[in-house]
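Protein chains: 2
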Amino acid sequence: MTEKKELILETALRLFADEGFDTTSTSKIAREAGVSEGLIFRHFLNKEGLMDAVLDLCEVRMNPHIEAIAEEIDPRKRIQKIIDLTYTLYQEEREFWQLQFTIKWQSSYKQDHKKNAPYYQKLMKIGVDSFRELKYYEPEKELALLSLLMEGFGTMMIKTSDPTSIESSLEFIKSKY
Amino acid sequence: MTEKKELILETALRLFADEGFDTTSTSKIAREAGVSEGLIFRHFLNKEGLMDAVLDLCEVRMNPHIEAIAEEIDPRKRIQKIIDLTYTLYQEEREFWQLQFTIKWQSSYKQDHKKNAPYYQKLMKIGVDSFRELKYYEPEKELALLSLLMEGFGTMMIKTSDPTSIESSLEFIKSKY
DNA sequence: GTCTATACGGGGATAGAC
DNA sequence: GTCTATCCCCGTATAGAC
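Taken in sequence, the protein lines are chains Y and L. Everything in the first sequence is counted per the numbering used here, starting at 1 for the first residue and increasing by one. Everything in the second sequence is counted per the numbering used here, starting at 1 for the first residue and increasing by one.
Honestly, I wouldn't trust all of these hints.
For identical chains, the list gives no copy identity; a pair is met inside one copy or between any two copies.
[To be verified] With a cut-off of at most 27 Å between alpha-carbon atoms, the simulated DSSO-like pairs for lysine-lysine come out as follows:
#, residue 1, residue 2
1, Lys141, Lys47
2, Lys115, Lys125
3, Lys114, Lys47
4, Lys5, Lys110
5, Lys114, Lys159
Hint data in this document are derived by calculation from the structure and do not stem from the laboratory.
Model the full assembly from the supplied sequences, consistent with the hints where possible.
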């Protein structure tokens, strides 16, 4: 991986996450990365290929967070950690995380990415198992509900800039489990 | 309002909702509406003006649904109706409703539309009041939580095509209130 | 009110020099 | 590996005829 190639990936990640895939032009990426536009196509074939490469990076960076949750033995704490995850990722890996949300609404890029991502499937499995250990009546439905909640919470974090209300919502959600 | 003008609005609504504002070209709208592209600009000045007009329509169509909820006297049933609303709107006014979600992720159109829409603010007020009547400890936070849930649920409805899991989620959410 | 024709810029992508 | 120059299409928007 050359320095310029990394620079392109980094810039593409930032712009795709903040401004969307459809609305970010390859020329803008090149300009902001300080490279020629042709180089993008040399390295990644086309704009889709660039996004694919960004998402591969994404998967690598998400994995350690999932592992950390998997190691927690107390199922109650595991659920709390899953809830915290959305918040933590937003703080520590904002661009990667935000991209997962943005991508859903970009019609020209393949859908179902997040749902099919290995890190996401691992997380879902951990969640159901935790609810089951805690003897919830319908662990699958509980996880589905929690997923909806975290989807909404993630959207809120990205779209509102008020840290107080974000943290207050987070605590309130956690108090319910 | 001439027939062609209405045709443009209708087509724009459908395409903006399904494919996004950024990714829908005025030429496509014109083609699918069976009018000349110039006519769009004649009637709506520019693409943003067209979206503004679509959103005005939106507001008009949303209002009756909100009124119907406001008339319910039992606060518990009122909450249930608020939860049902997302589902009902998706069935009956799919394009209008979907547009509210899509628009959030279209970087070139003004943000905060939904939050500022009169129909939405009315709905929020009804929600807080209902929780207060029901003696919930923190009505504002409860509504915020429910909003997150409905945001997630709305996203799910739009992005998954499995009616069974949608209805199951809806019932499960309602069972929690 | 409506259409046709057209302007102009920016989009993704390629060729070829270094 | 990297850059410059260039291609062609499609985007929004305008002018002017009917």
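Do the hints match the structure? See the list:
{"no.": "1", "hint": "Lys141 to Lys47", "in the structure": "neither (38 Å within a copy, 42 Å between copies)"}
{"no.": "2", "hint": "Lys115 to Lys125", "in the structure": "within (12 Å within a copy, 34 Å between copies)"}
{"no.": "3", "hint": "Lys114 to Lys47", "in the structure": "within (19 Å within a copy, 31 Å between copies)"}
{"no.": "4", "hint": "Lys5 to Lys110", "in the structure": "within (23 Å within a copy, 34 Å between copies)"}
{"no.": "5", "hint": "Lys114 to Lys159", "in the structure": "both (19 Å within a copy, 12 Å between copies)"}
Hint compliance for this structure: hint 1 is the single one not met.
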